[in-house]
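Novice: Read off the chains here:
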Amino acid sequence: MNENNSKDTISREGKQRRRFLDLILKIGGLTGLGAIVYPVFRYLIPPDIPEANVSSITAGTIDEFLPNTSKIIRFGRKPVLVVRKKNGDFKALSATCTHLDCNVQYRDDLEQIWCACHNGLYNLEGKNISGPPPKPLSQYSVVVNNDRIVIAKGQST
Amino acid sequence: MSVFNWLNDRFNLAAVQKFMKKKQVPIFYGTVWYYLGGISLFLFIIQVVTGILLVLYYQPGAATAYESVKFIVGTVEFGWLIREVHSWSANLFVFFIFLHMFTVYFARAYRKPREMTWLSGFVLLILSLLFGFSGYLLPWNELAYSATKVGSDIAGAIPVVGDFFLRLLRAGDDVSGATLTRFYGIHTAIVPLVFSFILAVHLIFIQVQGMSIPPKLEKVPKEELKTMKFFPDFVTKDFMAWLIVLNIIALLAVFFPWDVGVKADPLAPAPAGIRPEWYFMFMFQTLKLIPAHVFFMEGELFGILVFIIGGMIWFLVPFLDRNPHRRKRTNFWTYFGVVVVIYMIVLTVWGYLV
Amino acid sequence: MKQFSLRILISVLALSFGEIQGQSSDDACFQCHLEIDEDMDVSVMENINNDVHILKGLGCADCHGGDPQAFDDPDVSMWDSEDFIGSMDKLEQVQVCRKCHSDPTYMRQFTVSMKTDQVAQFWTSQHGTLLKSGDNNVASCSSCHGVHGIYPVSDPRSTVYPLNIPETCAGCHSDNDYMAEYDVKTDQFEKYRNSVHGTALYESGDISAPVCNDCHGNHGAVPPEIEYLSDICGTCHINNMNLFRDSNLSRIFTETGLPQCETCHGNHEILKPIDQMLDLSNQPNCESACHVDTGDIGVILSKEIFQVIDSLKVTMIHAQGRVDVADQKGMEVSELFIHMEDALKTLIQTRTSIHSFDIDHIKSVAQEGFEATTLAIAGAEEAINEHGFRRKGLFLFSLIITVFVVVLYLRSRISS
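Protein chains in written order, with the numbering used here: chain L, 1 to 157; chain G, 158 to 511; chain E, 512 to 927.
Derived CB-CB ranges, DEER-like:
1) E/V914 to G/L473: 45 to 51 Å
2) G/F412 to E/I859: 39 to 45 Å
3) E/G904 to G/V463: 46 to 52 Å
None of these hints come from the bench; they were simulated from the model.
By construction, the Cβ of each residue, glycine as well, lies at the ideal position given by its N, Cα and C atoms.
Whenever a hint applies, use it, and build me the whole structure from the sequences.
Specialist: What follows is the structure, encoded as structure tokens:
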């Protein structure tokens with residue numbers, strides 16, 4: 001037997017209930033829809049760092065680097081020492097000392113790279129020249145783009 | 158309403174509306190199982206939507222896949238949510254598909270005139286397993302890598318074509334970055350396309366033929382059958398079922414979140430206790446239990462043959478079940494089905510207990 | 512005839528094995544001693560083919576004298592030659608080595624940049640001084656470098672390659688019987704092995720770690736004088752040296768005659784310094800030797816310094832705990848790990864800074880560490896809160912859905 005949909009049998013109370021429930025359904029439906037659409041919408045907006053693997057990073061502008069000064073920047077998880085030599089050229093090297101992993105620093109009095117932990121010294125090409133460090137510092141390439149300094153993996157040509 | 162009229166003038170929507178209003182769904186003890194197909198469809202839609210969203214940020218490749226998943230989960234706004242939904246919904250999808258298939262089987266709904274629906278459904282099942290298998294590797298973590306290795310090893314045991322098939326699947330002899338790329342293509346391009354087409358065919362069959370009812374009820378005159386209107390009654394109930402499933406996904410995401418894991422390292426020795434995804438576990442465990450030699454064959458080969466032959470029997474059951482219309486509710490095929498279900502459940506549980 | 516056939520034999524061997532240098536096959540000493548080596552009291556030829564002198568083209572006669580062309584007669588090749596020295600005593604040995612190794616013009620043909628001051632230094636050393644006064648027990652050239660199989664210093668097989676130096680020195684200096692007549696302890700090698708430098712050398716294979724000669728000198732080896740002890744440690748530990756020198760403690764130590772770094776750190780068994788060295792309730796430590804009374808300014812200062820370091824460590828442990836919790840919950844915390852690395856670096860720098868014995872300086876160095884831990888803790892709490900917020904949000908969503916389903920069900924009952 002088919003079930004009937006007889007409007008006459010619905011009382012006024014039933015009508016009120018129906019309207020009330022409809023309202024809740026409408027509100028709930030919109031909320032639910034919003035709860036689904038909103039995250040999707042936020043998801044589509046790209047985050048500040050657009051991707052996971054860092055292949056290059058901007059270290060600043062030329063003006064931020066006086067000659068014979070340096071800055072340590074983060075390249076992904078690794079620290080990189082960016083040096084502007086006295087003659088204006090840029091050099092980017094790993095800032096992790098090859099002896100026991102301390103952070104190295106640029107010494108403008110020596111114009112060399114020094115590790116405070118055990119007095120290791122590297123020249124500006126990253127070559128270990130004195131003290132305990134057994135290996136040179138690994139190189140990063142520097143490209144001056146307009147007036148931005150861009151650091152990337154691999155050696156400069 | 159004017160939108161409806163505008164479209165109606167062009168596409169005769171009124172006819173569709175009339176059809177929908179007339180559509181009736183049988184009501185009997187088995188009506189509840191009707192929802193399983195719809196739920197599977199719902200989960201498939203969720204997979205497509207969340208999958209597309211993931212594709213916007215995911216980067217396939219051995220050097221970038223894991224990092225991009227970490228990025229999605231950690232940095233992208235609500236990326237964690239999209240990933241959780243996709244991962245849990247995938248598992249529920251396979252579960253409900255199996256449930257749907259077994260309920261159809263035991264109702265013997267595969268009998269004439271619905272043989273093609275069954276055949277297309279079985280193909281959809283295989284494609285779903287391929288979906289799951291290929292998708293599982295994409296996060297490129299240790300778990301995924303070893304599950305894929307173990308799973309594809311089973312493929313390699315197929316007689317004659319096994320090695321060729323293995324190389325085809327893995328894009329090489331071992332699971333590597335090339336495998337990842339290939340699986341990505343399979344998971345996001347090939348299978349979605351084929352699946353969508355066969356799904357459309359499957360749904361068209363159902364629309365044209367209507368819902369299957371037990372042989373007993375087929376003899377009852379149409380006017381005396383209890384039915385409900387498809388629209389709005391069945392649709393409402395279907396919608397409720399979908400919401401309940403959505404709820405389940407949300408609760409699973411809260412209480413059993415997926416983690417990113419450890420990045421896969423092809424050179425590292427395999428971690429202890431690797432195993433495939435749960436829906437392959439029964440096969441994996443069976444192969445582990447088979448003795449090294451059965452009759453004149455290698456045990457693994459025997460196992461694979463059993464699976465292949467069993468699958469083919471299952472596929473062809475509409476044509477093998479000679480007497481699906483008789484009064485008795487059970488016959489050989491019913492028992493066969495029960496044995497298969499028990500076997501799968503027991504072996505799956507066993508695989509996890511070991 | 513015998514010598515002739517011997518020459519043929521040697522030449523054949525030389526041609527077939529190619530080991531023996533061209534010159535050596537023409538060298539009478541070499542040939543004969545090859546044959547009789549196993550009958551000698553001490554083997555001479557066992558490792559001769561690896562000897563750096565032989566490889567550079569020198570022969571036996573270049574050190575021992577004699578006539579290397581006299582193949583037939585040992586009298587002619589050895590005893591009758593004026594400049595022949597057979598086995599030599601230690602003083603003679605120094606003279607023989609000195610003949611070439613102190614001659615810059617001669618050495619230039621082999622290694623343009625080789626030093627030639629070894630013997631001059633040796634005479635200033637304890638070994639040299641005692642040798643001159645007639646003590647034949649002390650080390651001379653061969654005691655450390657070997658003889659008849661000398662490898663260059665850069666060769667890992669050399670007895671004076673950095674990894675091997677402690678054992679070479681210990682050959683005499685750890686031998687109680689040998690050292691009995693001298694007023695010198697014999698526990699240095701054992702102590703060194705336990706030290707942080709010994710561990711770096713033997714367990715990490717770090718050949719930049721100091722071995723005996725890095726502090727004592729090699730040819731001019733003496734126990735370091737108190738006056739320049741901190742210069743020796745300061746070769747590597749330059750910050751500690753500079754800070755200490757500028758501190759008021761340096762002057763006091765010099766006046767009191769205390770051996771600077773060694774006073775607190777020891778000499779051979781230099782262990783990794785622990786922060787408890789500053790804690791007066793922990794015996795023994797530096798301060799208790801001089802600063803005994805509770806009200807003593809040294810005691811108060813050491814307590815203050817310990818406080819700074821200890822509080823930094825405690826903060827770091829707490830921060831690490833929070834970061835780990837956030838990490839386990841699956842939140843993205845690599846930025847926070849960087850802060851913890853910075854904090855650790857500051858902790859190391861703070862420990863170095865104590866050598867200034869200036870509490871304001873120490874506090875200013877530690878400040879950066881506190882800033883890093885503050886950032887890490889803030890980030891971790893934010894991540895943990897975000898995680899909780901997400902779960903609550905999802906749970907709320909789940910409740911809404913449940914309510915919605917119930918309402919939908921009720922609504923569907925009405926219309927049916």
